[in-house]
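Protein chains in written order, with the working numbering: chain A, 1 to 321; chain B, 1 to 321.
A hint or two may mislead.
Intra- or inter-copy, both count: the list cannot distinguish identical chains.
Claimed, not checked - With a cut-off of at most 30 Å between alpha-carbon atoms, the simulated DSS-like pairs for lysine-lysine come out as follows:
#1 Lys102 to Lys200
#2 Lys316 to Lys102
#3 Lys21 to Lys102
#4 Lys281 to Lys209
#5 Lys53 to Lys21
For the record, the hints were derived by calculation from the structure and aren't laboratory data. No experiment lies behind these values; they were computed from the predicted model shown.
Number of protein chains: 2
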Amino acid sequence: MSVILAADIGGTTCKLGIFDKHLQLLEKWQVNTDIANNGENILTDIHESFMAKEREVGFSVRESLGAGIGAPGPVNFKDGVLNGGINLNWEGRIPIASRFEKLSGVSTIVDNDANLAALGEQSKGAGHGHADAAMLTLGTGVGGGIVSDGMLIHGFGGAAGEIGHIMVDFKQRFSCNCGKKGCLETVASATGIVNIAEFKHRHENIETKLADQIEHGTITSKTLMEAAEEGDALAVSTVNEASHYIAIAISSISAVTNPGYIILGGGVSAAGQFLIDRIEKYYRPVTFPPASEGVEIVTAELGNDAGMYGAAKLVKQYLIQ
Amino acid sequence: MSVILAADIGGTTCKLGIFDKHLQLLEKWQVNTDIANNGENILTDIHESFMAKEREVGFSVRESLGAGIGAPGPVNFKDGVLNGGINLNWEGRIPIASRFEKLSGVSTIVDNDANLAALGEQSKGAGHGHADAAMLTLGTGVGGGIVSDGMLIHGFGGAAGEIGHIMVDFKQRFSCNCGKKGCLETVASATGIVNIAEFKHRHENIETKLADQIEHGTITSKTLMEAAEEGDALAVSTVNEASHYIAIAISSISAVTNPGYIILGGGVSAAGQFLIDRIEKYYRPVTFPPASEGVEIVTAELGNDAGMYGAAKLVKQYLIQ
Chain A
1 MSVILAADIG GTTCKLGIFD KHLQLLEKWQ VNTDIANNGE NILTDIHESF MAKEREVGFS
61 VRESLGAGIG APGPVNFKDG VLNGGINLNW EGRIPIASRF EKLSGVSTIV DNDANLAALG
121 EQSKGAGHGH ADAAMLTLGT GVGGGIVSDG MLIHGFGGAA GEIGHIMVDF KQRFSCNCGK
181 KGCLETVASA TGIVNIAEFK HRHENIETKL ADQIEHGTIT SKTLMEAAEE GDALAVSTVN
241 EASHYIAIAI SSISAVTNPG YIILGGGVSA AGQFLIDRIE KYYRPVTFPP ASEGVEIVTA
301 ELGNDAGMYG AAKLVKQYLI Q
Chain B
1 MSVILAADIG GTTCKLGIFD KHLQLLEKWQ VNTDIANNGE NILTDIHESF MAKEREVGFS
61 VRESLGAGIG APGPVNFKDG VLNGGINLNW EGRIPIASRF EKLSGVSTIV DNDANLAALG
121 EQSKGAGHGH ADAAMLTLGT GVGGGIVSDG MLIHGFGGAA GEIGHIMVDF KQRFSCNCGK
181 KGCLETVASA TGIVNIAEFK HRHENIETKL ADQIEHGTIT SKTLMEAAEE GDALAVSTVN
241 EASHYIAIAI SSISAVTNPG YIILGGGVSA AGQFLIDRIE KYYRPVTFPP ASEGVEIVTA
301 ELGNDAGMYG AAKLVKQYLI Q
């Protein structure tokens with residue numbers, strides 16, 4: 001059987017999967033990411049894990065249709081080189097595609113993990129295969145990806161879909177990991193919503209359970225979202241403000257690429273409809289009506305498998321005739 | 001000789017052109033746009049004008065490789081239907097592609113005029129053929145188009161590239177034709193920069209030559225830009241503010257599609273480097289560094305011919321095998 005190999009490399013585990021050419025997932029499992037020795041075992045571990053599955057599942061690695069790999073960090077899509085994989089202890093430029101091709105004998109295509117999650121969700125998850133979608137992953141940071149006419153947008157330097165770095169907080173209160181201030185990531189990631197709550201606590205003095213957590217240093221994005229759903233005034237006010245910023249970013253995306261589905265993933269999106277209702281409330285009034293007409297804001301459906309699905313889809317788009 | 005027919009329909013004139021299959025412009029001319037009788041003569045006039053050129057230039061309309069048409073308003077790219085061509089007195093849905101195919105016997109493709117100008121500039125003008133570009137037309141309104149990997153982005157409802165409706169003025173001082181407030185168009189179009197100058201005049205009381213023009217009702221975007229280049233304090237302050245807003249919009253576009261060239265067209269962009277220097281000053285500090293790295297902000301080069309070039313390019317991309 002001819003299969004597609006898919007791998008999504010993360011800082012602690014690599015998700016691995018085998019797909020048929022119709023993008024049905026046949027088998028999935030994971031291996032630990034060994035970041036020792038500058039991460040030099042990561043790709044060999046992935047290859048060996050595929051080889052170990054070969055007989056068990058009944059396919060041939062060497063005769064597979066192609067391999068798709070997602071990596072955390074900036075990837076040059078054309079040559080499959082990761083430029084700085086900080087979470088993997090990879091330094092400098094790592095030619096993932098050519099290294100994996102050498103190990104496996106299989107044509108390999110590589111993309112940024114957030115891009116692949118977007119493509120996976122668009123094609124096989126919450127986007128239901130509609131051609132135009134955008135994904136925002138509201139996690140530790142804010143990642144994203146843009147799919148237009150069924151294809152990922154990469155852009156001139158591979159920085160397309162960097163939605164977390166759209167400037168939305170014009171007061172520029174919080175510093176971002178990118179070196180700027182005011183990015184969506186500073187007000188809508190797990191850290192970002194805590195930033196807002198702490199700022200509000202300092203300036204507005206709303207005495208609530210969440211305020212106690214701030215004073216005792218026990219606040220997390222999870223306790224904040226739980227408090228909001230319970231009606232804690234400080235938490236609700238924080239989620240409203242974060243939703244406003246997310247809406248501004250989505251509004252800009254709508255005017256630029258007009259996606260039909262806006263897909264929210266990551267830990268902060270676990271609040272689901274509670275969050276979406278608030279985002280909708282701000283999104284519609286500030287968005288060019290033809291660009292928001294018929295647009296659905298939904299939560300992701302594939303969880304941690306999204307990147308694997310995207311990797312398999314990419315193989316189908318670029319490596320299978 | 002097999003040629004490409006290109007037409008860019010405007011409210012007062014239609015620009016017509018004949019291109020060879022390498023997108024060399026062989027001949028260009030224009031006809032008046034007859035908006036009488038609900039614009040029912042517009043397409044027949046264009047067809048007759050091509051027929052009249054047939055013998056003169058030495059080509060066959062019927063045997064041409066395809067026709068590309070740009071129209072002002074929202075176009076459904078898939079079926080070539082314009083939905084509301086207000087400037088042409090066209091009401092409701094006008095099936096431009098099928099009507100022109102019936103008249104001419106030539107396969108026809110239709111897109112929004114601002115999109116085609118973007119594609120024309122990207123492929124044959126200021127974008128020098130680089131695959132990823134964005135164009136902003138700072139005219140009576142603010143139009144735009146996004147080219148990614150050499151192809152125009154249309155989006156779910158055809159509203160991609162509606163850059164004029166990115167919200168950038170969070171004080172939302174001025175109403176936009178789209179029904180919202182705070183759009184880029186309200187602060188960076190010809191009307192928009194006058195909006196800013198008048199607002200400043202009311203609130204800041206800077207006594208200058210431009211202030212006199214405001215009081216006498218003689219201010220236009222042209223006199224404003226001239227006054228700015230002469231150092232008029234109110235005008236310079238106005239252009240700085242408009243540049244700031246343009247920079248915010250470009251910054252968002254950069255994080256979404258990461259174009260390598262940002263091309264400015266339209267009357268307001270006639271200020272050229274004077275305007276670009278100001279935009280650059282605000283753009284770089286607020287933009288995700290990997291998304292602004294190597295990005296060039298330039299003025300358009302094809303003037304009123306951009307739409308024709310884009311129409312011809314579209315024929316080449318979609319209708320010629």
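So, going through the hints one by one against the coordinates:
no.	hint	verdict
1	Lys102 to Lys200	neither (54 Å within a copy, 64 Å between copies)
2	Lys316 to Lys102	within (20 Å within a copy, 39 Å between copies)
3	Lys21 to Lys102	within (23 Å within a copy, 42 Å between copies)
4	Lys281 to Lys209	within (26 Å within a copy, 44 Å between copies)
5	Lys53 to Lys21	within (18 Å within a copy, 52 Å between copies)
Of the hints listed earlier, the one the structure fails to meet is number 1.
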